[in-house]
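Participant: Now for the letters of each chain:
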Amino acid sequence: MEHTHIGGDVFFLLTGAILVFAMHGGFAFLEAGTVRHKNQVNALVKILVDFALSTLAYFAIGFPIAYGISFFVSAHELAGLAGGNVFGAQGLTLVKFFFLATFAAAVPAIISGGVAERMKFLPQSIATLALVGLLYPLVEGIIWNGNYGIQATIESLTGAKLHDFAGSLVVHAFGGWVALGAVITLGARKGRYTAAGRSHPFPPSSILWLSLGSWLLCTGWFGFNVMSAQSLDSVSGLVAINSLMAMVGGIVTAAIAGRNDPGFVHNGALAGLVAVCAGSDVFHPIGALITGGIAGIIFVRGFHICQERLRIDDVLGVWPLHGLCGLWGGIACGIFGLERLGGMGGVSPVAQIVGSLVVAAFGAVAGFAVYGVLKSTIGIRLDEEQEYRGADLSIHKIGASPEAEIR
Amino acid sequence: MEHTHIGGDVFFLLTGAILVFAMHGGFAFLEAGTVRHKNQVNALVKILVDFALSTLAYFAIGFPIAYGISFFVSAHELAGLAGGNVFGAQGLTLVKFFFLATFAAAVPAIISGGVAERMKFLPQSIATLALVGLLYPLVEGIIWNGNYGIQATIESLTGAKLHDFAGSLVVHAFGGWVALGAVITLGARKGRYTAAGRSHPFPPSSILWLSLGSWLLCTGWFGFNVMSAQSLDSVSGLVAINSLMAMVGGIVTAAIAGRNDPGFVHNGALAGLVAVCAGSDVFHPIGALITGGIAGIIFVRGFHICQERLRIDDVLGVWPLHGLCGLWGGIACGIFGLERLGGMGGVSPVAQIVGSLVVAAFGAVAGFAVYGVLKSTIGIRLDEEQEYRGADLSIHKIGASPEAEIR
Amino acid sequence: MEHTHIGGDVFFLLTGAILVFAMHGGFAFLEAGTVRHKNQVNALVKILVDFALSTLAYFAIGFPIAYGISFFVSAHELAGLAGGNVFGAQGLTLVKFFFLATFAAAVPAIISGGVAERMKFLPQSIATLALVGLLYPLVEGIIWNGNYGIQATIESLTGAKLHDFAGSLVVHAFGGWVALGAVITLGARKGRYTAAGRSHPFPPSSILWLSLGSWLLCTGWFGFNVMSAQSLDSVSGLVAINSLMAMVGGIVTAAIAGRNDPGFVHNGALAGLVAVCAGSDVFHPIGALITGGIAGIIFVRGFHICQERLRIDDVLGVWPLHGLCGLWGGIACGIFGLERLGGMGGVSPVAQIVGSLVVAAFGAVAGFAVYGVLKSTIGIRLDEEQEYRGADLSIHKIGASPEAEIR
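Residue numbers (the numbering used here), protein chains in the order written: chain A, 34 to 440; chain B, 34 to 440; chain C, 34 to 440.
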């Protein structure tokens, strides 16, 4: 009986892992649809290879850093057949690794959308290894595993731990603010802003692929959030309905604020989902709706500010989407999670605000540091000729529609 | 132990909800691939925004109408932590809401394919709110929740309730017949039928996107049908195999009747799945195969009759697909569900025939009423110039392939 | 309680079935993206119709051959409500059928990619019926159900049965080697190799669709492998992490060996997954990584050898992908499954090597036989004119982008 119970948890976490893995397809197609045609192949390959490298780095270093568990023991122990080991029966911990590896790989996938169309392949791969192997697990371990006693300190100071149920901060704010550092270090695409200072936006290649990317992300996100409970005993329908309502809120406000623009509507859904992660287990559905609705507006306004005012050439708007909406999600958790606002309580507004700002700041510093070091050593940018031809032909020797192009 | 049991049901229903949510991506891409290029963006945005509005209307009004449960209580009660509440432990009812909300949102998604390429955005949004907030929950509550004692009356008259396990009638027939009213009220696209009365079919923009839509719908449909059991104690493999066999039947007959046309083959799979919903828990797999096979033929013939004989410009053929095949499914449930035809029994042919016709009639009346009122007040149709330019540029100010089009 | 336990297994197997069903969409889009534009529709329709015919053949003949269970009994018995029947409570065996039917249908889906662009529709349909109805179930029954006592004999000779947990041999090697016979029997596409003997590769139509196909296959593959446990009591996280690591290994080595070519990278992921199926329950994750990494190289090198040296016009490279990597997976299971190499043990290198070679040889013979008979009777190849126009217009009377093409 006990066995089946654990089998259920293995199945539950596996389903979550598969759903979040599918989100990486979403990242790939969202980027491929948003960049120009000449950089579509690069978007697809970059996401897939980054996923592979992330998994290797997280397997060898990252997961051990965050959770103190190493896989360099026999398969018998891993499968949980040897008595008294740390892996749980039926290899439960191995599925937990799979689930969390798909989270870790979201960090380079987020950055990828910001640095698209002019980044070299090798430095992006190295940055992935450094971020997923070392820096992300540091944040993850502190917030989700109580490493270094920092959560205990926060709790003793504010009365509650920094609450981040499904990673508005750990994954999205961290990834989005790293991306900000990366994008600024990299510089804008040629022609994006003229010498005279005028903005010249590049239209996306395909709304259909952009939309497919968004759908894959939205669908998988319910695994991202609900399966973060990590067991059938603690799964809650509240997380599901809150994710739904926040997504809906993001769609509606982004449709209005973005004047029915398809890019804003499809990214608005994601904005709501980014923001709801942290508090999805403590919000009332109406709190989630408001949180997501505000996120939709943050994305639309943030995108404009980022690209037009600050002149930061963040191609997919990953800093507003993951960075700003993730930050907002961390803070919103301290507001709409309060019992007096219909929430479940147990959160501290002070802890949430300070914690969210610290995670964002750490991400930005990490982004500038990692991409700065790479820039000053091996270089991070395609040369002008390569960028002009496009990353597809320059790096992959083939375009996205080879038959039509070769003719 | 009890707890895990409920956790399993939460997980089960959540998986169903995710699968049916993914079907909405399928609706979007099926429509985008079938309409002309200049209306693809509109198809995508319409489905996503309709989904969001549906969820809001169903949350605030629809679900309370159908099931007498309101969400305007504290998160503690929603999560099922407070003793003796109606929401079940671990927020079970919240996932049930999510699952059923994805069903409710199928109604505007079905209609969307019929009214494509010339419908204004605002009236479609209002129609969505009215249909999902008020009219659909009425049907749903009567058939699935026994509201107003109507099922009890049917049972006392015919010996069995109106059986509609997964919604051939509640969702598909209702949605398809509403769509008929909407499409007739709206009128045909400019140029679809010439003044001299000749039919001038518009070829679909992309078989690939049409196919992707169909695949997403087919895949999610197994959640639509099997998870309609709503608990692990009542889930049955019979529903799964019957859905499979009906889909297979639809593919084979539509391929033959439709002479290997890709549109017919891909929609034939859906026709079989529409028809099997009602009786998927009572059919023998061979009964399901026949039901689906007949549905494939109904779609191919119905599509031709609708578009060429009746000159109803139902763009995706949603009336033959959901309306006629749904009606057929409701009736077939009363035939192949009988024990003497290998089925599980417990169904009444009379109840199924009469009930199916009533649901279809109610849908048609609702369609004419809702779209008729909107037509005579705010108007429902793009003006000629807008229709000519396409809904994408007219409503969303951008086409589906912006980079190529702006060049 | 017992009931819920079985409900959990029904849900588990159903999820596996849905995931593997979705892989067929992956087969369709992988082929559509790799072939030339004029054959995309044919790819999509062929996969869908083959799936339907496979299911029929497997329902009527194949599953009964492999497992000795027939569905021609009442729905009551099928649903497991009649006492003492073979179908298990809650229709468990029916979902098992669904799950295994999606495996069986992979055989024609694999072949489809090899014979693309010049195969007639009817003989391909007949081959599907013969392969899935008769030949595949023979292999499946012998290896997975112990039919004819052959596994018992292997065990008595080598100390262990032929181990093929999730079908590197049963599905992939068999399908890939049948495809080799089919492709050779069919002959190369017109113009692929010039009369003077020069190779003239046809570039793929769309990397985006190729990539989507790969993503759908990768995602569903976790159901293919993990759900092969067939019950919650025997599910193991080890299978999940091994599948992940092998996929990652295939991506990395194919990216390097294939010089970042998108076709190689996306198929490299599949190569790793093909190879890991057999031993996914006995490998250490590092053994899985190595197995997948070698598979990535086998695919890249094998593709070149197949197409350029051997001049076999296997369009998608299904023989290197499924045939060679499947064969390698069967053998690798006997190496990295050994306890001294970190594995779980219980495998025999001799049994694995000999068994793998026999399955491959049987597949090749079956392929030459089935397609040879069809060639010498009804013919298997489009005529020159049809091939030149493309299978889409020749067979389906419509192209993949009808609106653009008809203009």
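Keep in mind the hints are simulated off the structure, nothing from the lab.
Worth double-checking, as some hints may not be accurate.
Partner residues are not named here, just some residues of chain A that face chain B (Cβ under 8 angstroms, in silico) [what the hints assert, rightly or not]:
1) HIS70
2) TYR226
3) GLY230
4) ARG231
5) PRO236
6) GLN263
7) ALA288
8) ALA302
9) PHE316
Since the structure is predicted, the reported quantities are computational estimates derived from the model, not experimental observations.
C-beta: ideal position from N, C-alpha, C; glycine also.
Participant: Against this structure, judge whether each hint is valid.
Facilitator: Results of checking the hints against the structure:
1. HIS70: holds (6 angstroms)
2. TYR226: violated (18 angstroms)
3. GLY230: This hint is violated: GLY230 (chain A) lies away from chain B, its Cβ roughly 22 angstroms from the closest one there, beyond 8 angstroms.
4. ARG231: violated (16 angstroms)
5. PRO236: holds (4 angstroms)
6. GLN263: violated (11 angstroms)
7. ALA288: holds (5 angstroms)
8. ALA302: OK, holds: ALA302 (chain A) within 8 angstroms of chain B, min 7 angstroms.
9. PHE316: holds (7 angstroms)
In this structure, the hints that do not hold are numbers 2, 3, 4 and 6, in rising order.
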